[in-house]
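Here are the chains, one letter per residue:
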Amino acid sequence: MLFNTPIFFLFFIVFLLFYGFVFLQKTPRLYLILVASLVFYGAWNYKFIPLLVGSAVGDYFLALAIGAAQTQRAKKLFLTLSIIMNLGILAMFKYADFAITSVADFLQFLGYQSSLPTLSWVLPVGISFYTFQSLSYTIDVYRGDMQPRKGLVAFTAALSFFPQLVAGPILRARQILPQFHKLPVPTWINVKHGFLLITAGLLKKTIADLLAVPAAAAFDTSGSVSLLEAWTGVLAFAGQIYGDFSGYSDMAIGLALLLGFQIPLNFRLPYFASSPVDFWRRWHISLSSWLRDYLYISLGGKYSRYRNIMITMLLGGLWHGAAWTFVMWGAFHGLIITTTHYLSSINIFQTFIKSKSWWVKVIKWGVTFYLVLLGWVLFRATNMDSALQLLHDMHALTASVPVAGVAAGLILILTMVALALMHLMDYFIITKSEKIENKPWLFWSLLILGQTICLMIGEPSSEFIYFQF
Amino acid sequence: MSSSTSSSSPEHGSIVVQNTRKIYFKILLAILIGMGISLAFVRLFTYLNDASGETFLSRVLQAQAALPTITSEPDDLVMFYGSSMTQAGFSARQFDRELAEAGVEIKSFNFGFGGLNPLFQDYLSRRIADGFKQNDRKLKLALVEFNPFQTTVTRRNGALEVEDSFISLLASPQELREITAKDPTTGARMYTIRYLRDGVSAEMITSFFAEPFQAPRPRTELIEDEKIVERRDQLGNELNERFEQEYPDFDGADWSYQWQGAGTIPEERSAETLEVFTEFYKTLRTDYQLDNDRLSRINSADIIDLDFSEVLVESFIQIVKNFQSISDHVEVVLLPKNTAWIKNPPEAMQRMQQVLDRIQTETGVVIRNFQTIDEITPDMFSDTTHLARYSGDVAFTNFLAEQYKAQLQQP
Chain G
1 MLFNTPIFFL FFIVFLLFYG FVFLQKTPRL YLILVASLVF YGAWNYKFIP
51 LLVGSAVGDY FLALAIGAAQ TQRAKKLFLT LSIIMNLGIL AMFKYADFAI
101 TSVADFLQFL GYQSSLPTLS WVLPVGISFY TFQSLSYTID VYRGDMQPRK
151 GLVAFTAALS FFPQLVAGPI LRARQILPQF HKLPVPTWIN VKHGFLLITA
201 GLLKKTIADL LAVPAAAAFD TSGSVSLLEA WTGVLAFAGQ IYGDFSGYSD
251 MAIGLALLLG FQIPLNFRLP YFASSPVDFW RRWHISLSSW LRDYLYISLG
301 GKYSRYRNIM ITMLLGGLWH GAAWTFVMWG AFHGLIITTT HYLSSINIFQ
351 TFIKSKSWWV KVIKWGVTFY LVLLGWVLFR ATNMDSALQL LHDMHALTAS
401 VPVAGVAAGL ILILTMVALA LMHLMDYFII TKSEKIENKP WLFWSLLILG
451 QTICLMIGEP SSEFIYFQF
Chain V
1001 MSSSTSSSSP EHGSIVVQNT RKIYFKILLA ILIGMGISLA FVRLFTYLND
1051 ASGETFLSRV LQAQAALPTI TSEPDDLVMF YGSSMTQAGF SARQFDRELA
1101 EAGVEIKSFN FGFGGLNPLF QDYLSRRIAD GFKQNDRKLK LALVEFNPFQ
1151 TTVTRRNGAL EVEDSFISLL ASPQELREIT AKDPTTGARM YTIRYLRDGV
1201 SAEMITSFFA EPFQAPRPRT ELIEDEKIVE RRDQLGNELN ERFEQEYPDF
1251 DGADWSYQWQ GAGTIPEERS AETLEVFTEF YKTLRTDYQL DNDRLSRINS
1301 ADIIDLDFSE VLVESFIQIV KNFQSISDHV EVVLLPKNTA WIKNPPEAMQ
1351 RMQQVLDRIQ TETGVVIRNF QTIDEITPDM FSDTTHLARY SGDVAFTNFL
1401 AEQYKAQLQQ P
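Those protein sequences? They're chains G and V, same order as listed. Quick note, the first sequence lines up with residues 1 to 469 if you use the numbering used here. Quick note, the second sequence lines up with residues 1001 to 1411 if you use the numbering used here.
Treat the hints with care, as some may be off.
Once the Cα atoms are required to be at most 20 angstroms apart in a straight line, the calculated EDC-like pairs of lysine to aspartate or glutamate come out as [unchecked claim]:
1. V:1282 / V:1224
2. G:47 / V:1267
3. V:1405 / V:1183
4. V:1026 / G:437
5. G:354 / G:437
6. V:1405 / V:1098
Hints were generated in silico from the structure; no laboratory data involved. Predicted model, so just to flag it, every value in this text is computed and none were measured.
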């Protein structure tokens, strides 16, 4: 059930009718959220509901056990159980086949003929998001960052909360659980901001779907493409993934605001980043902060910094998908982040890094954006060979003619306009939303305009990219 | 941003409940009014662009509307069902005249439609079957065109953007309910398209806007003679004028009941008009025009290599079954091929034969391949696929009359 489909609209209207008019006491409302979330999740595949509920129930009781444990050893045991359960689920459903085929390929590389049986299990949608979210709760309780909370229904409802269940943002228990214990009534200010975010999200998703076509033209071609088409394709994918994922996040935050819940920002103008480190402070903030807090710091943080960054980014890449292209993407980002840190520590670069001059800022932005684009090639390519081919095509100054002829140049311009437009939209939402929301004629006109565009050219059959992770 | 919270005090609780209802009433109202206005703007846009289900499926809907009249005809009924090749290649009244001369009183109808691949034709054939069953009528003979290049993967891919829209318009309420039960997401989308968007899906509007950005289709390297182009334009204008003079009462229908779904017949036209037509078609059959048309068909329908779509083949089998349920006799027919321009390699012909064998096995229907009959020559086509009016269509219709005369003479 995608946010940009008529069926979700119907689902949400029905949910609002019950949530706003029928179930007005706390406990029935929690049950309503839980049931609605399970219906929402079950619309993809109801067979995975027990996995989601089981994961929630398991972590709920393990957190209680950690909280009640008298010794550090016992706490550690219960946390280990939680980690094994959550990562075990992920490993079985997401990584088992990748591991098996990789072993088989390696054996073949060594000269052994092998055909190892694979599991071929269906990947439950949103599994990477809710396992990380659930795991953060037990880790927080173990670290003493929060006390375990009683209320299984509240915890399960929070974990399966439909606006953010399948593609995040990855919420921390300490952010969301208290809200589920209070069930706040939304204020009209929050509601208006929610509407603005939902409309912005729908628009971004619409733009992302349009950009999918030129992106596919570059990435799904078997041979090489022209320089123009290669850059158009890569820029289009940069726009597609940003519009798709940040659009989903915006809608999730907006929907939650309509219900009175506050979910933190997940993207902050990522392509305006001035360094790879800065990029990860702006892109998928809930994942990067999760990886920082629960993996990078657990590994030792700044002690053996470069090693820890590389491990964190490699696993971050693997989190996105069970394929070597994602591992390479993670490794690439690990490499450019460590390089940035290394260069920052060299005196000769200090002046450059600290400079406030506009041309230095432009250079830093340009280099960062270029590196991010190179990373997207690894991320989107179906295999390493085609990734290398496209990376080559992006830098091959040959005279090959674009297939789309004169339209190719126009598509490149439109792609860049789309990228700029999405960032402009985000800029206004982050910095000027209050002003816009205080001018009713402007606010409602923009909303109607946005909705009209989405209804007119939205493609509701297109899945969100991040659902596969 | 701030948010208020609920409280355990009964008095305060009552205020919270009131506030809750108030705020959710405002939220619901804003959503419904906002969506209503947005949808109205979409409808305004499609209206201003003359885009609606009716304009896209005009001929189909008119033919569908004629079903009650068709089924109340006293004579035995014949229907030729197929693509635009049937539309251009079968002259219903010519067929009736030929058979009447042989003492067979029947009424035939041309149900050939351009732009419908077998997936859509399947839904339409179900509506035809519904119409006949409701009126307890049967067709004496149903000829169902198997058009190889309408059944390819390329052809289906080219129509993906209209799929939801066409199916939502052609499906019965019961079928829409079944689609919804099977896949609520698709079902809800189809209901929206049919009842709120006037048959125009978002994908259709997107593809309309995306048209200028498509890679140009391959074009011939041959050069068109400007004089021929000029002459063709002159003749086209002359034919339009002559049509208005000779048919002053024509109501402009896409599917004319008066003409039984086909076009006019030579006997109604003056000798001068027929001469103009002959010259007009000659100007259409230049190497430039035909090569361009061939390349266009390769690009849009894979007419040479014929990589068949499983979904479309399956749909075609269903079409045959639908007609078998309302007909005394059903035959699958392959229309003449312009062999001067369309030359399929042996592998393509082999693939086609496999599909035909499968259709025969699964339906038991008789398949008649008229692709290379002697009666039709390349100069009887208006392009690489369609038979020309007053030459190709008459010759093929007469050929069909001869083929089916004996069968239709039987009681």
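Results for each hint:
Taken as a hint, the residue 1282 of chain V and residue 1224 of chain V pair is honoured in the structure, with Cα atoms around 13 angstroms apart against an allowance of 20 angstroms. Restraint check for residue 47 of chain G and residue 1267 of chain V: the C-alpha separation of about 68 angstroms exceeds 20 angstroms, so the hint is violated. At roughly 47 angstroms between alpha-carbon atoms, residue 1405 of chain V and residue 1183 of chain V are farther apart than 20 angstroms, so this suggested pair is violated. The suggested pairing of residue 1026 of chain V with residue 437 of chain G holds, with an alpha-carbon distance near 16 angstroms, which does not exceed 20 angstroms.
With a C-alpha separation of about 37 angstroms, the suggested pair residue 354 of chain G and residue 437 of chain G falls outside the 20 angstroms cut-off, and the hint is violated. Distance check on the hinted pair: residue 1405 of chain V and residue 1098 of chain V sit about 9 angstroms apart at the alpha-carbon level, within 20 angstroms; holds.
Comparing the model with each earlier hint shows violations of hints 2, 3, 5; every other hint is respected.
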